[in-house]
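Please model the complete structure; the sequences and the hints are all you need to start from.
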Amino acid sequence: QQQVKQSPQSLIVQKGGISIINCAYENTAFDYFPWYQQFPGKGPALLIAIRPDVSEKKEGRFTISFNKSAKQFSLHIMDSQPGDSATYFCAASSGNTGKLIFGQGTTLQVKP
Amino acid sequence: DAGVIQSPRHEVTEMGQEVTLRCKPISGHNSLFWYRQTMMRGLELLIYFNNNVPIDDSGMPEDRFSAKMPNASFSTLKIQPSEPRDSAVYFCASSLMGTGNSPLHFGNGTRLTVT
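First to last, the protein sequences are chains P and E. Taking our numbering, the leading residue of the first sequence gets 1380, the next gets one more, and so forth. Taking our numbering, the leading residue of the second sequence gets 26, the next gets one more, and so forth.
Hints may contain errors.
[To be verified] Just so you have them, the derived chain P footprint on chain E, three or more residues with Cβ under 8 Å:
{"no.": "1", "region": "43-53"}
{"no.": "2", "region": "115-121"}
{"no.": "3", "region": "131-139"}
Don't read these hints as lab results, they were simulated from the structure. Bear in mind that the values here come from a model prediction, so they are computed numbers and not experimental data. In this text, a Cβ means the ideal position worked out from N, Cα and C, and glycines have one as well.
Structure, rendered in structure tokens:
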């Protein structure tokens, strides 16, 4: 079954701290792993993405770590800011279909 | 670029009524996706089109749901008859496939409430 499991469901972090969200997948055919950020009343928007041929990708304060053997990947938000408060979704797809399977989402609250 | 445009933003209807949700994808994009978001089930893919042709509708809950894409700039998701359990936020997304993993661009959704 194609499934992506995400944890934790919710996360509270102090301003300046590190936010870590984890995802695990089952389908070894997945070859594209994006993270999406969603603010209330808005649609999800792509934040950062990785392919399984690299173990880490960094864009500004956001880093994806990827462990192919464990079939896990995680999002790290360094120096978390109140403006990062949102819901984060991991996702996965295979081939070039664009058919994304999403995790359940993590609601992040960054306290000032 | 105006992004993916969905209408209406909010829809309240009574059980048994027909509901039609509309989507205008980003110009030039060749793939369109309909997702449903609920607290219990998260983001579920309902159906997606490539070059206006339905490719995978395995996520469509039941025959009450139907989707069409008559041209590259317009798609509809119809629920007939609607039921309270259909209450959710419905998102349309588009992308340009065939050039690697192009990101999905989501609209701001239609919040459907069926009473």
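Verification of the supplied hints:
1. 43-53: violated (count 0)
2. 115-121: Satisfied; 3 residues make the cut.
3. 131-139: Since three or more residues must qualify, the claim that chain P covers the region 131-139 of chain E holds, with 4 doing so at under 8 Å.
Taken one by one, the earlier hints fail for this structure only at number 1.
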